[in-house]
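Enquirer: In terms of this note's numbering, the sequence shown is residues 7 to 167.
I should point out that these hints are in silico values taken from the structure, not numbers from a laboratory.
Fair warning: there could be bad hints in the mix.
Unchecked claim - Listed next, the in silico DSS-like pairs over lysine-lysine satisfying Cα-Cα at most 27 Å (straight line):
no., residue 1, residue 2
1, LYS167, LYS126
2, LYS83, LYS29
3, LYS158, LYS123
4, LYS109, LYS83
5, LYS123, LYS167
6, LYS101, LYS58
7, LYS49, LYS83
8, LYS49, LYS29
9, LYS167, LYS109
10, LYS49, LYS101
11, LYS83, LYS123
12, LYS126, LYS109
13, LYS123, LYS109
Predicted model, so just to flag it, every value in this text is computed and none were measured.
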Amino acid sequence: MSFTVPPQLEAELNELVTHYPQKRSASLMFLHALQEHFGYISKEAIEWTAQKLELQPINIYELVTFYPMFRQEPAGKYVLKVCRTLSCALGGSHKLHEHFCQKLGLDSHGHGLQTTKDGKFSVEFVECLASCGTAPVMMCNEDFYEGVSNAKADEILGGCK
Numbered sequence: 007m008s009f010t011v012p013p014q015l016e017a018e019l020n021e022l023v024t025h026y027p028q029k030r031s032a033s034l035m036f037l038h039a040l041q042e043h044f045g046y047i048s049k050e051a052i053e054w055t056a057q058k059l060e061l062q063p064i065n066i067y068e069l070v071t072f073y074p075m076f077r078q079e080p081a082g083k084y085v086l087k088v089c090r091t092l093s094c095a096l097g098g099s100h101k102l103h104e105h106f107c108q109k110l111g112l113d114s115h116g117h118g119l120q121t122t123k124d125g126k127f128s129v130e131f132v133e134c135l136a137s138c139g140t141a142p143v144m145m146c147n148e149d150f151y152e153g154v155s156n157a158k159a160d161e162i163l164g165g166c167k
């Protein structure tokens with residue numbers, strides 16, 4: 007396997023395992039740490055994690071495919087997450103998603119992660135961002151925005167340097 011985890015990260019993960027009664031209980035924390043470092047969870051990262059936690063790769067793959075916060079492909083420098091659940095949909099999130107896609111040259115009908123050719127931006131629909139009363143809501147990386155209009159969306163894009 008050609009996948010390599012930096013020694014410092016591997017040491018942190020090894021220490022993390024000691025905080026759980028069973029190794030497999032550290033699975034989600036491993037995945038979060040690996041995605042934070044590499045930007046996504048590759049097939050090799052799944053296999054590496056399974057080996058470290060003495061599990062079958064399918065046990066890790068199930069987690070990666072079940073939880074929407076894990077990505078299996080690289081994302082852009084700026085990840086725009088638009089909430090698509092009912093309150094946001096009623097508040098215009100589909101139009102907001104379409105606006106971002108049109109501005110960035112992406113498919114407005116695509117609901118999965120889409121990344122611009124230059125790798126600068128990724129847009130994706132996500133499940134509830136937990137602010138139903140201020141729809142539509144979105145995130146740009148770790149920044150949260152409420153009541154996002156097209157004008158505000160343009161402002162957010164303009165702030166991405």
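Enquirer: Run every hint past the structure and note whether it holds.
Expert: Outcome of the hint check:
Pair hint LYS167 plus LYS126 holds up; C-alpha atoms about 9 Å apart against a cutoff of 27 Å. Among the hinted pairs, LYS83 with LYS29 is inconsistent with the structure: their alpha-carbon atoms are about 32 Å apart, more than 27 Å. Between LYS158 and LYS123, the direct Cα distance comes to roughly 24 Å. Compliance with the 27 Å bound is thereby established for this hinted pair. In summary, the hint linking LYS109 to LYS83 is supported, as the alpha carbons are separated by about 16 Å, within the 27 Å threshold.
Among the hinted pairs, LYS123 with LYS167 is consistent with the structure: their alpha-carbon atoms are about 16 Å apart, no more than 27 Å. For the hint linking LYS101 to LYS58, the alpha-carbon distance of about 44 Å lies beyond 27 Å, and the restraint is violated. Restraint check: the Cα-Cα separation between LYS49 and LYS83 comes to about 21 Å, which is no more than 27 Å; the hinted pair holds. This hinted pair checks out: LYS49 and LYS29 have alpha carbons roughly 20 Å apart, not beyond 27 Å.
For the suggested pair LYS167 and LYS109, the alpha carbons sit about 16 Å apart, so the restraint of at most 27 Å is met. Annotation: proposed proximity of LYS49 to LYS101 is violated, straight-line Cα distance about 34 Å (limit 27 Å). For a cut-off of 27 Å, the pair hint linking LYS83 to LYS123 stands: about 12 Å separates their Cα positions. Straight-line distance between C-alpha atoms of LYS126 and LYS109 comes to about 13 Å, which keeps the hinted pair within the 27 Å bound.
Distance restraint check for LYS123 and LYS109: the Cα-Cα separation of roughly 13 Å lies within the 27 Å cut-off, and the hinted pair is therefore satisfied.
Hints 2, 6 and 10, counting from the list given before, are not met by this structure.
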